[in-house]
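Please construct the entire structure, taking both the sequences and the accompanying hints into account.
The listed protein sequences correspond, in order, to chains A and B.
Numbers given in the working numbering equal positions in the first sequence, counted from 1, plus 183.
Numbers given in the working numbering equal positions in the second sequence, counted from 1, plus 148.
It should be emphasised that the hints constitute simulated quantities derived from the structure, not laboratory data.
There's no promise every hint is true.
[As the list claims (entries may be wrong)] Here are the in silico distance ranges between beta carbons for each label pair:
# : chain 1 : residue 1 : chain 2 : residue 2 : range
1 : B       : K467      : A       : R463      : 54 to 64 angstroms
2 : B       : V422      : A       : G402      : 23 to 33 angstroms
3 : B       : V426      : A       : F315      : 48 to 58 angstroms
4 : B       : F384      : A       : P445      : 19 to 29 angstroms
5 : B       : L252      : A       : R470      : 24 to 34 angstroms
6 : A       : M245      : B       : E432      : 45 to 55 angstroms
7 : B       : K158      : A       : G402      : 44 to 54 angstroms
8 : A       : R349      : B       : A444      : 32 to 42 angstroms
9 : B       : P294      : A       : G402      : 20 to 30 angstroms
[What the hints assert, rightly or not] Simulated coverage check for chain B against chain A, where a stretch passes if three residues somewhere in it have a Cβ under 8 angstroms from a Cβ of chain A:
#  : segment
10 : 263–270
11 : 393–406
[As the list claims (entries may be wrong)] Heads up, incomplete: computed chain B residues facing chain A, CB under 7 angstroms, no partners named:
#  : residue
12 : L252
13 : L256
14 : R259
15 : Q274
16 : I275
17 : G278
18 : L279
19 : R282
20 : W283
21 : F430
22 : R433
23 : G439
24 : V446
25 : I447
Just so we're clear, the structure is a prediction, and the values are computed from it rather than from any experiment.
Even for Gly, the Cβ is constructed at its ideal location relative to N, Cα and C.
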Amino acid sequence: MNFWIVLTVNSVTFGGLLFLLASGFSLIFGLMRIPNLTHGSLFMLGAYIGGSVVIGLFGFKMNFWLAAVLASLTVAALGALIERFLLRQLPGDQLAQVLVTLGISFMAADFCLMVWGGDPMSVATPQGLGGFARVGGAVFPLYRLAIIAIAVVVAIALWMLLDRTRLGAMIRAGVDDPDMARVVGIRVSQLFTIVFALGAGLAAFAGIIGGPILSVYPGLDQDMLPLALLVVIIGGAGSLLGSFVGSILVGFIYNFGQALLPELAYFVLFLPMLLVLLLRPQGLFGRHVP
Amino acid sequence: MIEIFSATNKLRFIALAIALVALISLPFWVSGIYYINVGSQILFFAVFALGLNILVGYAGLVSLGHAGLFGISAYATAYMLQQGFGHTTAVAVALVIGLASMALFAVLSLRSSGIGFIMITLALGQILWGLAYRWISVTDGDNGIPVRGRPAPFGYSLTDPVNFYYASLIIFIVAVAMVFIFVRSPFGAALMGTRDQPRRMNALGYHVWMIRFYACLFSGLLTAVSGILFVYYTNFISPQTLALTSSAEVLLMVISGGPGTLLGPIVGATLVVVIKTVVSGFIERWNFLLGAIFVAIVILVPEGIVPGSIRLWRLIVRKRAAAPPAPAATTERTP
Chain A
184 MNFWIVLTVN
194 SVTFGGLLFL
204 LASGFSLIFG
214 LMRIPNLTHG
224 SLFMLGAYIG
234 GSVVIGLFGF
244 KMNFWLAAVL
254 ASLTVAALGA
264 LIERFLLRQL
274 PGDQLAQVLV
284 TLGISFMAAD
294 FCLMVWGGDP
304 MSVATPQGLG
314 GFARVGGAVF
324 PLYRLAIIAI
334 AVVVAIALWM
344 LLDRTRLGAM
354 IRAGVDDPDM
364 ARVVGIRVSQ
374 LFTIVFALGA
384 GLAAFAGIIG
394 GPILSVYPGL
404 DQDMLPLALL
414 VVIIGGAGSL
424 LGSFVGSILV
434 GFIYNFGQAL
444 LPELAYFVLF
454 LPMLLVLLLR
464 PQGLFGRHVP
Chain B
149 MIEIFSATNK
159 LRFIALAIAL
169 VALISLPFWV
179 SGIYYINVGS
189 QILFFAVFAL
199 GLNILVGYAG
209 LVSLGHAGLF
219 GISAYATAYM
229 LQQGFGHTTA
239 VAVALVIGLA
249 SMALFAVLSL
259 RSSGIGFIMI
269 TLALGQILWG
279 LAYRWISVTD
289 GDNGIPVRGR
299 PAPFGYSLTD
309 PVNFYYASLI
319 IFIVAVAMVF
329 IFVRSPFGAA
339 LMGTRDQPRR
349 MNALGYHVWM
359 IRFYACLFSG
369 LLTAVSGILF
379 VYYTNFISPQ
389 TLALTSSAEV
399 LLMVISGGPG
409 TLLGPIVGAT
419 LVVVIKTVVS
429 GFIERWNFLL
439 GAIFVAIVIL
449 VPEGIVPGSI
459 RLWRLIVRKR
469 AAAPPAPAAT
479 TERTP
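In structure tokens, the structure reads:
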């Protein structure tokens, strides 16, 4: 009984992390029509930068949460630069843009290997969250519950941003019909930079708060990117609700798969994708087939 | 007009003959087994790139999961040999598994084209990688599967690097001939039609999905063949071969050389293999360079090296051809 409860909590935690990663991915996809293949690298970069600040690798040490904010802002700025100076060179050529993001992801992976070496870096859980909560007979690590709470807060904040603000309305207009949005005077290309930076920052944030439970290692980018892709294929591009449902679903299948069929965990992930592609190619909550 | 065509044809024929002679005589004029092995690598990676080019260049479908297909055939060969089967059985099973996986890939990913196709093939390729990495009871995980010995068709043992080179060369020539015939066949024309105008082709009564599906199978066949050659060459297969970097590497071969040309993937494969071999002697950071070249090619020479140089060559030739009449016109005017 306890085993199942712990597994469920772990699944929801992992789903929450995935949501932080995939919501930005999905927004970028929805707006710019490209899967940003650097997203895994941005996640890893955030984890490495944040982790080194927390353990004081480069001479200065910081509180976990401050480090998280710092790493997210740094990576968000990097995302804005990538969009502005590389992707902007290829307007409208989505294939070339995807390939550029792929090339950057290799450069980022090798850069991390060069700076941080091949050994995994373990990041301690932030102060005050190292303990456990007892509910009934079950024991839950506090930090995992905190991740779930953060994911829910971010989800609500993103929903407010998209649904209640002027910027959100412009982004939604851009996702639905970029040409029409341009006609009514929305500077869609400026939105590209904003959304790209937002997505990059969220990915980096997910990376650092995932650090204590996943640890940080070379190849983390290639472990996370397919999961983000799966979430978007299942949930539908550009849909916040889709990313949420998709993340939780993938979180459950991944964790239960790993616990019950460890050798085939990656393969089991394939099943929901197969079903969605066959029955609803635009994704559960998507508007159009990519 | 006809003269020009026959002249270029003659030129092409001469170039082809020179290339063939150079390739056949390669083991005689390069010194050392090392370079012969580099030659073999170029040949089977060129077959791989030719296979991917069927999709990227002629069908307009960019796949980022081809290393998975390449790897699954290699794994199948290694696994069958490890289980004690003979080379013929192992190769046959590997071809069947490679083609069956390609068919499955195609059924899933052909539900969309363009960006959707990239995403789905990438996810599928990563799943095959995950399978190779985690399904330890079959693949032995990160340790990979070693292969002992190479086959000896008609009594020529491929353990000898020169014999292996010639075997790769024969397969390479057959692959080039197949692609050459394929591209000029009505089917090839139909495939390029579905690349440029899928809706119009559909309206004309062509079954766009089926045409793309067959193109995938053809691509899968070349990929599987090159995967089998690869595993016999390295005598080892590990999950790294199926990683996204490998898919990107072969895509770089196609894109750098020139997608949709016969020569492009061959030039691209040569370039990538040579850079990789030369560079890995000096620095460890091959992936960084791979990424940088990728970005540079996509932004600076998006059409690829072969079409790029042809355009440049034509520009020079036209200038030279246009130059003589100019003085003639002035002499006419002067008297």
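Handout entry: Hint check, L256 of chain B versus chain A [nearest Cβ-Cβ separation less than 7 angstroms]
Key = 6 angstroms, holds
Handout entry: Hint status (Cβ of L252 of chain B to nearest Cβ of chain A, threshold 7 angstroms)
Key = 10 angstroms, violated
Problem - Minimum beta-carbon distance criterion (7 angstroms), I447 of chain B to chain A - result: 6 angstroms, holds
Handout entry: Outcome of range test on Cβ distance (M245 of chain A, E432 of chain B; 45 to 55 angstroms)
Key = Taking Cβ atoms as reference, M245 of chain A and E432 of chain B lie about 31 angstroms apart, which means the hint is violated.
Exercise for the section: Note whether the CB distance of R349 of chain A and A444 of chain B lies within 32 to 42 angstroms or breaks it. Expected result: 39 angstroms, holds
Exercise for the section: Could you see if the CB distance from L252 of chain B to R470 of chain A stays within 24 to 34 angstroms? Expected result: Once the Cβ atoms are compared, 28 angstroms apart, the range 24 to 34 angstroms for R470 of chain A and L252 of chain B holds.
Exercise for the section: Please verify that hint: G439 of chain B, Cβ, nearest Cβ of chain A, below 7 angstroms or not. Expected result: Nearest chain A Cβ about 3 angstroms off; hint holds.
Problem - Status of the hint placing G278 of chain B at chain A (closest C-beta pair under 7 angstroms) - result: 3 angstroms, holds
Exercise for the section: Could you check if R282 of chain B really has its C-beta closer than 7 angstroms to a C-beta on chain A? Expected result: 5 angstroms, holds
Handout entry: Supplied contact hint for I275 of chain B, tested at 7 angstroms Cβ to chain A
Key = 5 angstroms, holds
Handout entry: 8 angstroms C-beta test of the segment 393–406 of chain B against chain A, three or more residues
Key = holds (count 4)
Exercise for the section: Confirm or reject the claim that V426 of chain B and F315 of chain A have a C-beta distance inside 48 to 58 angstroms. Expected result: With Cβ atoms ~55 angstroms apart, the hint holds.
Checked against the numbered hints given earlier, this structure breaks hints 6, 12 and 21; the rest are met.
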